[in-house]
Amino acid sequence: MISLSSYLILSAVLFSVGVIGFVLRRNTIVIFMSIELMLNAANVAFVAFSRFLNSMDGQIFVFFVMSVAAAEAAVGLAIIMAVYRTKETVNADEMNLMKW
Amino acid sequence: MVETALFIVLAVVTVITAILVIVQRNPVASAIYLIITFFCLAGIYLLLNAQFIAIIQVLVYAGAIMVLFLFVIMLLNLEKEKKIIIRYRLQRVLGVFLGIVLLAQIGMIFNSVLLEGSKGDFPPEKVAALGNTEVVARLLFTDFLLPFEITSVLLLVAIIGAIVLAKRQI
Amino acid sequence: MLDYVGLIPLFPAIGFAVNLFWGRRMSKGAVGFIACAVIGLSFLVSLLVFAALLKLPPTGRSLEKVLYTWILAGEFQANVGFLIDPLSVVMMMVVSGVSFIIHIYSHGYMHEDRDFCRYFTYLNLFVFFMLLLVSAGNFLLFFVGWEGVGLCSYFLIGFWYEKKSASDAGKKAFIVNRIGDYGFLLAIFLIFLTFGTLDFKAVFAAAPGKFAVGSGLVTLTTLLLFMGATGKSAQIPLYTWLPDAMEGPTPVSALIHAATMVTAGVYMVARCHVLFLLAPTSIFVVAVIGAATAIYAASIGLAQNDIKRVLAYSTISQIGYMFLACGVGAFAAGIFHLMTHAFFKALLFLGAGSVMHALAGELDMRRMGALKPHMRRTYWTFLIGTLAISGIFPFAGFFSKDEILWKALTEGGFAFWLVGAVAAFMTATYMFRAVFMTFHGKSRVDHQVAHHIHESPGIMTVPLIILAVLSTIGGFIGFPIVEGWNQFHDFLAPVFVMPPKAADSGHHAAGFEIGMMIVSMVIAGLGILSAYRMYIQSPSLPGRLAERYRAPYEMIANKYWVDEIYNFMFVGPMVRFSVFLWRIFDDLLVDGTVNGVGAVVRGGSEIFKRLQTGNVQSYALFILVGVVLMIGYFLF
Numbered sequence: 229m230i231s232l233s234s235y236l237i238l239s240a241v242l243f244s245v246g247v248i249g250f251v252l253r254r255n256t257i258v259i260f261m262s263i264e265l266m267l268n269a270a271n272v273a274f275v276a277f278s279r280f281l282n283s284m285d286g287q288i289f290v291f292f293v294m295s296v297a298a299a300e301a302a303v304g305l306a307i308i309m310a311v312y313r314t315k316e317t318v319n320a321d322e323m324n325l326m327k328w
Numbered sequence: 018m019v020e021t022a023l024f025i026v027l028a029v030v031t032v033i034t035a036i037l038v039i040v041q042r043n044p045v046a047s048a049i050y051l052i053i054t055f056f057c058l059a060g061i062y063l064l065l066n067a068q069f070i071a072i073i074q075v076l077v078y079a080g081a082i083m084v085l086f087l088f089v090i091m092l093l094n095l096e097k098e099k100k101i102i103i104r105y106r107l108q109r110v111l112g113v114f115l116g117i118v119l120l121a122q123i124g125m126i127f128n129s130v131l132l133e134g135s136k137g138d139f140p141p142e143k144v145a146a147l148g149n150t151e152v153v154a155r156l157l158f159t160d161f162l163l164p165f166e167i168t169s170v171l172l173l174v175a176i177i178g179a180i181v182l183a184k185r186q187i
Numbered sequence: 035m036l037d038y039v040g041l042i043p044l045f046p047a048i049g050f051a052v053n054l055f056w057g058r059r060m061s062k063g064a065v066g067f068i069a070c071a072v073i074g075l076s077f078l079v080s081l082l083v084f085a086a087l088l089k090l091p092p093t094g095r096s097l098e099k100v101l102y103t104w105i106l107a108g109e110f111q112a113n114v115g116f117l118i119d120p121l122s123v124v125m126m127m128v129v130s131g132v133s134f135i136i137h138i139y140s141h142g143y144m145h146e147d148r149d150f151c152r153y154f155t156y157l158n159l160f161v162f163f164m165l166l167l168v169s170a171g172n173f174l175l176f177f178v179g180w181e182g183v184g185l186c187s188y189f190l191i192g193f194w195y196e197k198k199s200a201s202d203a204g205k206k207a208f209i210v211n212r213i214g215d216y217g218f219l220l221a222i223f224l225i226f227l228t229f230g231t232l233d234f235k236a237v238f239a240a241a242p243g244k245f246a247v248g249s250g251l252v253t254l255t256t257l258l259l260f261m262g263a264t265g266k267s268a269q270i271p272l273y274t275w276l277p278d279a280m281e282g283p284t285p286v287s288a289l290i291h292a293a294t295m296v297t298a299g300v301y302m303v304a305r306c307h308v309l310f311l312l313a314p315t316s317i318f319v320v321a322v323i324g325a326a327t328a329i330y331a332a333s334i335g336l337a338q339n340d341i342k343r344v345l346a347y348s349t350i351s352q353i354g355y356m357f358l359a360c361g362v363g364a365f366a367a368g369i370f371h372l373m374t375h376a377f378f379k380a381l382l383f384l385g386a387g388s389v390m391h392a393l394a395g396e397l398d399m400r401r402m403g404a405l406k407p408h409m410r411r412t413y414w415t416f417l418i419g420t421l422a423i424s425g426i427f428p429f430a431g432f433f434s435k436d437e438i439l440w441k442a443l444t445e446g447g448f449a450f451w452l453v454g455a456v457a458a459f460m461t462a463t464y465m466f467r468a469v470f471m472t473f474h475g476k477s478r479v480d481h482q483v484a485h486h487i488h489e490s491p492g493i494m495t496v497p498l499i500i501l502a503v504l505s506t507i508g509g510f511i512g513f514p515i516v517e518g519w520n521q522f523h524d525f526l527a528p529v530f531v532m533p534p535k536a537a538d539s540g541h542h543a544a545g546f547e548i549g550m551m552i553v554s555m556v557i558a559g560l561g562i563l564s565a566y567r568m569y570i571q572s573p574s575l576p577g578r579l580a581e582r583y584r585a586p587y588e589m590i591a592n593k594y595w596v597d598e599i600y601n602f603m604f605v606g607p608m609v610r611f612s613v614f615l616w617r618i619f620d621d622l623l624v625d626g627t628v629n630g631v632g633a634v635v636r637g638g639s640e641i642f643k644r645l646q647t648g649n650v651q652s653y654a655l656f657i658l659v660g661v662v663l664m665i666g667y668f669l670f
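Residue numbers (this note's numbering), protein chains in the order written: chain A, 229 to 328; chain B, 18 to 187; chain C, 35 to 670.
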C-alpha cells in the first residue's frame, strides 16, 4: 500500500523541477513546458488526495485544471508566435521592453 | 507488492524525464521527454484508481497540448541553444537554489502536519463498483454543472484569442 | 448722544475705506474733501458727547458703552466697548480737533504730490486708530489702537518709500515701537492673569484689593506698561526713532509725532494711574525718566541744524515733562500740557512746513534767514508757538508747563524742579535760536531758491492762525491759584481720584506759587536773551563757543552717539544673528532638509527602479522568493 506521503512527495518534486526550469531556461517554449510540469504536479496532488480522502472532488478539479491548461497552452503559444513574428526570437532575455 | 514496485518505477521515470525536460538544449527533445513524463503520470493516475483522469491526461496533455507544442517548435524553426545560462547568471542560480529550498520546505510541511481530512462519500470500492467515469460524469453534471459550463465559455474565449493572436493580419 | 460715541472712530474708518477703494478714480479735491469732512464730523460728534457728558453730575461721569462682544473664550471676555469719562472726552476732542486742522493744512501742503490719495487714506486710518485708542474701554481694544497707530506711523514715515532714508526711518520707528510693545503685551498678560479681565473699569476697581502697595507684581506690571509708553512716546531709552521719523511729510510729523501718537503713552499712564499709584517705585521711575529725557533732549536740540529735528527733540523733551507730571502724581497737569503741547507743537511743525514749502523743501536752518518780510503770517504764528513752548505768560504753554514745574517742586522735590527748570531754559534757548536763524538775520538762502520765496496759500495759513489762537487762549482753562478757575483740573478731578495720603501736601501759600511763576518766566526770559545774543547780536559767538568747548559741543551735536551705540550693541548683533539664521538655518538646514528628503526619495528610486528588469523570469523569481519566505514564516 503506497501511502499518501509518497504521492505528495512526488508531486513536490515535480513542482520544484518545474519551478527550477521556469527560472533557469531562456527559451520561452521550454518555460511553457515547465509551467505544464507544475500544473501536472498539482494534478497529482489532487488525485492523490481524492483517492485517500474518499472524495471525487479532486478528480473533478483535475478535469477543470486540464481544460484550463489546454486553453492556456493554446493562447500562450499563439502569443509566442506573435512575438516571434516581431522580434525573431523566443529568447526570454530579449523580451524586456518594460525595462526601466 | 506489484503496486509498490510499479509506483517506484513510474515515479523514478517521471522525475528523471522531468529533469531531462528542463536540462535538454534541444527544444524538441524537451518536448519528447515531457510526453514521456505525461505518460508516466497517466500510469500513476491509474494506480490511484482515477482511470478517467488517466485517459484524459493522455488524450489532452500528451495528445493535444504537446502536439501543439511540437507544431509551434517546428513552425518557429528553433535551433539548439548554445549555453544554458548566458545572462542574469546570479538570478538563475538563485532561482535554482530557491527551488530546492522550496522542495525542502514542502517536505517539511508534509512531515510536520497531519495529513488528514474529513472523509468523503466515495470510498474506492464504491467507485470501482459504479465505474470511475460514471461517477465523475454524475458529479460533473449535477454538482459541478456551473463550472463545467463556464469552462466551455473559457475554451471558446481561448479559441478566439488564439486565432486573433496568431493571425498574420488582424 | 452718548450712545453715538461709536461714531467718533467710525467716521475716519469710513473715510479710509472710501478713499482706499475709490480714491484713485476721484479728483484730488474730492479725496481731500472726504478725508477732511469725516474728521470734521468726528470732531463734531466728540463735541456733542462732551456736551452730553457735562449734563451729568461730576461723580457720574464715567460710562461704558459696549458695541458688541468681540471675544468670548471660556472665562475670557473682551468687548468692543468705549469708556466715556472726562479724560477720554478731552483726548477725543484734542485728537479729532487737531487732526481736522492738520487735514485741511495737508490738502494744501500735499497738493503737488502724486500720491495724494494714498496720503489721505493712511491719515484717515491713523485717526481711526488713534480715536479707537483714546476711547477704548479695555486693554485689548486699547492695544488694537496702539498697534494701529504704530502701523500707520510706519506707513506715513516711509510715505516717500522710494527714498531709502525714509523707508529706513519707517522701519526703525516700527521696530523700536515693537520693543516697547513687547513690554506692554507682557503687562497685559500679567493684568489678565491677576484680574481675569481686561476691562478698564473692572481692573481699576479691583486693583487696590488685589495689589498690596509696592508689591512686586504691581511694580512689574506698571514698569512693563511704562516700557510700552517709552517706546510709543519716544522717551529714554526708546526715543531714537522720532528724530528719524522727520523723513515723513511735515503734516505727518505735526499730527503723529507731536500732537497725537506720541502722547498715547502719556494717556496710557494717566489712564492706568490707579495701578501706578499702587507702585511707588514705578511712578518714581516714570518721573525720573521723564525729567531725564526732558533735559537730555533739550540739550541735543541746542545743536541741531535741521529745523524739523529741532522740533522733534523738542517734542521728546516736552513729553518728558508730561511724564514728569504723571510721575509726581499730577496727572491732570500732564494731560493739560498734552493738550497745550498739541496746539503749539502742531503749530510749530506746520509753520516749519510752510517755510519748507516756500524754500522748495529746504530744511537746514543754516541756509535760511531773513524770511520775516516775505512770510508775515507764518512768522507771527510761528513766533506765538515759540512763545507758548517757552512758557511765556499769557500763552498756553505757560500755564501748563508752570503747573508741571510747580507740582514737581511741591510733590516731587527740588531736584525734579531743578531739572525741569534747566530744561525750560534750554527750551527757550533753542526755540528762539530756531526763530532767529530762520526768520531774522541775514539771508543765507540759496540763490535759486530765493526767487521762489512766497507766503503759503490760505489753505495752509488759516490752520496756522487757528492753532495760534488756541495756543494763545487755550491755557486759560487751567488758570491756577484762583479757586474754581482751574476748570481743566476740576473737570478731570473725578477721574484722578487720589489715595488719601497724597492729599495733605496740597496747600502752599499762594504767594509761593506766584513767586515760582515769576522764576519760571525769568528763566525763560534768560533763555530768549541767550539766543538773542548768540544769533542776532554776535552771530559768530556760537561758532567760537563750539570751538572753546569742543568736547561738550561734539557730544550734543552727535546726539551723544546714542544711535551709534545702539547700532553697535543691539542692531549689529541682531543683524548678524538674522543673517546667520538666514544663511545657515534657513538655507542650509530647512531648505537642506526639505531638498534632502526629495534627494533621498530620488536616490531611493534610482536604486529601486532596478527591480523593473522587464524580464519575466526575474518577476517569477520574486514571486518565488515571496512564496519561500511565507512558507518559511509559517513553518517556524
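Some hints here could point you the wrong way.
Claimed, not checked - Below are the DSS-like pairs computed for lysine-lysine, each with C-alpha atoms no more than 27 Å apart in a straight line: (1) C:K205 with C:K593; (2) C:K198 with C:K643; (3) B:K184 with A:K315; (4) A:K327 with C:K643; (5) C:K643 with A:K315; (6) C:K99 with C:K89.
Since the hints were made in silico from the structure, they are not lab data.
Tested hints:
Annotation: proposed proximity of C:K205 to C:K593 holds, straight-line Cα distance about 20 Å (limit 27 Å). Only pairs whose Cα atoms come within 27 Å are accepted, and C:K198 paired with C:K643 is rejected, the gap being roughly 55 Å. A C-alpha spacing of about 16 Å is found between B:K184 and A:K315, which places the hinted pair at or below 27 Å, so the restraint holds. The suggested pairing of A:K327 with C:K643 holds, with an alpha-carbon distance near 9 Å, which does not exceed 27 Å.
A hinted pair counts as satisfied when its Cα atoms are at most 27 Å apart, and C:K643 with A:K315 qualifies at roughly 25 Å. Under the criterion of a C-alpha separation no larger than 27 Å, the hint pairing C:K99 with C:K89 is consistent with the structure, at around 17 Å.
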